[in-house]
Each structure stands twice: as C-alpha cells, then as structure tokens.
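S.K.: Please assemble the complex out of the two chains, which come individually in their own frames, going by the hints.
Chains as they are written, first to last, in our numbering: chain B, 1 to 238; chain D, 1001 to 1120.
It should be emphasised that the hints constitute simulated quantities derived from the structure, not laboratory data.
Glycine included, C-beta positions come from ideal geometry on N, C-alpha and C.
Any given hint might turn out to be false.
So the derived list for chain B, only partly shown, Cβ under 7 Å to chain D, looks like this [said to hold, decoys possible]:
(1) Val53
(2) Gly173
(3) Pro174
(4) Leu177
(5) Ala202
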Amino acid sequence: MQELRETWVYLSASPLLHLTLTLAAFVLASFLYRKAGLNPLLNPVLLSVVVIVALLSLSHTSYDTYFDGARFVHFLLGPATVALAIPLYRQFDRVRESALAILVSLVCGSVTSAASAIAIAWALGAQPQSIISLAPKSVTAPVAMGISEQLGGIPSLTAVLVILTGIVGATLGPLVLNGLGVRDWSARGLAIGTASHGIGTARALQVDELAGAFSGLAMGLNALATAILLPLAWRLFF
Amino acid sequence: MLEYLTFILACQLVGEFVVASTGIPIPGPVVGMVLLFVFLLSRGKVPEPLGQVADALLRNLSLLFVPAGVGVMLHFDLLETDALPLSVALLLSTLATIAVTASVMVLLTRRRTASDETKD
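The following block holds chain D by itself, in its conformation from the complex (with noise of 0.2 Å):
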C-alpha cells in the first residue's frame, strides 16, 4: 500500500512540476489525477492496493475541507457587509447551476437513448 501512496503522491508531484514551468492555469493535482488515470488506461485495471490507497482517501473527503472552511472567520468584515447579495447570490447561483446542468445532460442523453431505441 505504501507503494501507491508514494505513487499518488508522485503523480501529484508531477503535476504540480508540469504546471510551475509551463503556466497552464489548472492545478497541479488535477493534472496528476489526468496522469493517474493514464496510467490506470495503459494498465487496463486497477492495482488492489491502489484502489484501497483512493477508497480510504475518498471515504473522508468532505474532511478535508474543514480548515479552508474555518477560514471564514478571517472574513467575517466583507461577509457582514455584503452578507445579503452574497448569500443570495451564492445559493440562487449553485441551485440555478444544479438545475441547468442537470435538465442539459437528461435532454441530451435522452434524445441518444431515443435514437438507439428506433436503432434497435
């Protein structure tokens, strides 16, 4: 298990290498998690161990963001000010989003799902 850690860990190192000296404007980890799945295509399944190494990382994500969360308190000043565009904004905004993307990919899978039903 260990091993994979280390290999998580590398892939993300990687990537972080791959962003600092080319500029790209995505971040470090995404672009380690687009060279694991690389490598997970060329092996054609996935390692045990890696996967007991993703699942106990993944188990607790939500975890990981509790102390980027605590740094509310660093803005309480700007929230109060501008607690009620914000908040109406950010929670009108994030639903409207839910709602858009979701109606978008139902139509548009449906409509293939129809087409391959006439198919058959």
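Extracted from the complex, chain B is given alone in its bound form (with noise of 0.2 Å):
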C-alpha cells in the first residue's frame, strides 16, 4: 500500500500522467462526439476541458502542475499554425479570385466582433477589466493574449474567453449559416474563422477543404487586423 502511493506521488509530478489525461480525455470525447452523430453540443474542445477540469479538482491538483505535462501538447500549437499554409496554398487560386471580397469581409467582421463584444459586455455591467479581456475573443490565443495584456486585461482570462468563443463559433456558426442560407463554401469557412479562429478552422477543414482554407486564411488575416485596430480603437475612444 505504502509501496502504491509512492508509485501515485511519483507519478503525479511527472510530465507523463497529464500528458496521458489530456490526449485519452480527447480520444474519449472524439469517440463520444462521433457516436453522438457530431452533435455540436458534445464539442470534443468542450468535452474533454470539462472532464479534466473535473479530474484536477477532484485530485487537488494545480493548473501548473497539469500543465508541465499539457505543455507537449500547447507546444504543437506554433507549428500547426506554420502549417496552415498548405490548405491554404492548394486553394490559393480561390482565395486570389476573391482577395478584395475578403479583404472587406473580414474588416466587418474583424469589427463586429470587438465592437459587439465590449458593447453588449459594458451595457450589461461588466468589470473593465473583463470587458478588456473579452474585445479579442475571435483572435487566436497567442495574439489575443499578447492584445489584452497590452491593453490592460488579463491575458490568462483571454485565453479562456478565446476558447469559449473558438467552441461557440464551431458548434452554433453551422447553424447560423444554414440559418442565413450561406451555402457557399468559401464564405462559410471565412465567417467561421475571422469569428472563432483556430477552433473554427478545425472544425471546418473536417468538413471540407475549401472552407478549411478560408476559415485558416481569416484567421490569420484576423489576427493582423485586430492587432493594428483595436489598440488603435481603443486609445481613441478610452
């Protein structure tokens, strides 16, 4: 017995076991997700945060101690990104066709995402810093991160907020666009990412190239127009 908790005590400070715990919670939640017929409520993202979060509490363990061993994983993010400039490239002849349409596309949406996002949170009473936290949502993490800390929020509530945003877009955007009647594969993939970046593009290069393309080319294009806008913005109005 003695001889068990010794083996759990190593255990649990080491990369390994949380390593582990993040990737079988998302081969768990892509197996629930598949057998649930892709039912957007039981997001793989969503799913496995949900039962790991549960997990750490319930064993008392910190964030920092989770992720030593998550960090292979966060890791691969950067070169993930680097490659999405293969889908992009194999349908750069699509995206030339386009560039003014898209240009302007996403600076509407680049805007209606900050703009709503610090309207409705002020109008309802949100703190500042909340406020701040929450105006580049539909940025991919790193850059919203680095945007907040440089306007005075907190980049790790950002970096929540991100998520959220990036699993709201993937789950309930389909059904907007069904909703609008936008069939158009281009136009889906490009909404998807400007508003939810790289957890749309996941979801979206499932789905169909095109709009995996579009959806990893907006979300690039994204982060460049909040970067340069909303500090801009900000020190105008604030």
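M.R.: See below:
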C-alpha cells in the first residue's frame, strides 16, 4: 500500500501523467462526439476541458502541475499554425479570385466582433478588466493574449474566453450560416475563421478543405487586423 | 518526413525571430505561416512529405487547444462575478460576427459572379 502511494506521488509529479490525461480525455471525447452523430453540444474540446477540470479539482491538482505535462501538446499549436500555409496554398487560386471581397468581409467581421463584444458586456455591467479581456476574443489565443495584456486586461482570462468563443463559433456557427442560407464554402469558412479562429478552422477542415483554407486564412488575417485596429480604436475612444 | 517537420519548426523559429527583433504586433507562428506560404509559391507545388506532416498536425488541431482551455480553472472567481455579461456578450457577438462576415462575403462575391455572367 505504502509502495503504491509512493508510486502515485511519483507519477502525479511527472509530466507523463497529465500528458496522457490530455490525450485520453480528447480521444474519449472524440469517440463520444462521433457516436452522437457529431452533435455540436458534444464538442470534443469542450468535453475534454470539462472532464480534465473535474479530475484536477477532485485530485486537488494545480493548473501549473497539469500544464507541466500538457505543455507538449500546447507547444504544437505553433507548428500547426505554420502548417496552415499548406491548405491555403492548395486553395490559393480560389483565394486570389476573391481577394478584395475577402478583405472587406474580414474587416467588417473583425470590427463587429470587438465592437459588439465591448458594447454588450459594457451595457450589462461587466468589470472594465473583463471587458478588455473579452474584446480580442475572436483572435487566435497567443495574439489575443498579447493584445489583452497591452490594453490592461488579464491574458489568461482572455485565453479562456478565446477558447469559449472558438467552441461557440464552431458549434453554433454552422446553424447561423444554415439559417442565413449561406451555402458557399468559401463564405462559410471565412466567417467561421474570422469569428472563431483555430477551433473554428479545425472544425471547418473536417467538413471541407476549401472552407478550411478560407477559415485558416481568415484566422491569420483577423489576428493581424485586430492586433492593429483594436489598440488604435481603444486609444481613440477611452 | 523528418526534414519537413524540421523545416516547419525552422519557419516558426525565423518567424519568432522576426517578431522579436522588429516588435511587429503579429505572432511568430503567423509570420512562419507566411514564410512557408512564400516557399510553396516559389516551389509551385507542395512536396508530398510536407503535405503529410501538415495533414498530421492539422487533423487533430482541436486537441492542441485543450491545455489552454483547462486554464478556465484559474478564473472561476472573475467568471462568476461577470458570468452573465461575459456569456451574453460572447455568444451574441460571436454569432453576429459570423452572420456579418458571411453576409458581406456572399453579397460581394454574388455581385461579382453576376457581372461575370453579364460579361459572358
């Protein structure tokens, strides 16, 4: 018994345990998601996060300890972002055809995202720090955290809101697009990528490569647009 | 395949270096994506092993967001205080962004398609 406890103490401090936990939770969540016929409410990211947070709380494990193991997965976000150049290149002819339309739609979406988030949160009485942390919610996590910090928000809160935004966009976005009767894969991908960055792009890639390419492009461009426009607008109005 | 994984990491590394030395407000990996894209344009095709590495990375893209998402456990307090405004703003704003972006795109491309048709 004593030996078992020592083994547990050793394992729970090693990165292997939480790396395995992260992968196992995601494999299980993806399995359930497929079993449920890709039901948007069983989004694998959402489901794995809920399961992992519950397990960490039950075992009184800190986020730092967890992240020691999970960092290996987190690290791959960078190379995966670089790799988005490949679907973009494969669909480049389609992108070039509508370059102007893409830019105009993207700026409209980017402004809508930040302005409506700030206006609604402010009208409902959120704390200023929460409002700032929410403003860059549609931008991919590393950039959003940088913007939030620059404006006086809380970067790690921003990271969480960014993930939630991604999940909302990836799960409910297709319903909005169906409701509006948008069938064009390029417009669908562009909208999902502008509003819900990499999580939306991950979803779009699963459905259609053209949608995935436009989504990845929108994600990159929106990171650029928001990083430039939001701090400027913020200085102008506040 | 290993050489192309190395190549992707090198693109990111150069990207991070450019960002750190110029202070432009863009994340390093996005600069790395642009660099890789320029490389592909100059090559005129995607080398097959590079395509395989990229597909392997992108097939499980959602998994990579899980560790950051678990960070929600650090902010239960603030999330509780501002739960209503944050969730309403996040939900409505995200859906509005999708609706606006898609509508503008459809409007602009439809007009162009229509003028293309009149040209023919």
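S.K.: So, for every hint listed, does it hold in this structure?
M.R.: Going through the hints against the structure:
no.	hint	result
1	Val53	5 Å, holds
2	Gly173	5 Å, holds
3	Pro174	9 Å, violated
4	Leu177	6 Å, holds
5	Ala202	4 Å, holds
Hint violations for this structure: number 3 only, all remaining hints satisfied.
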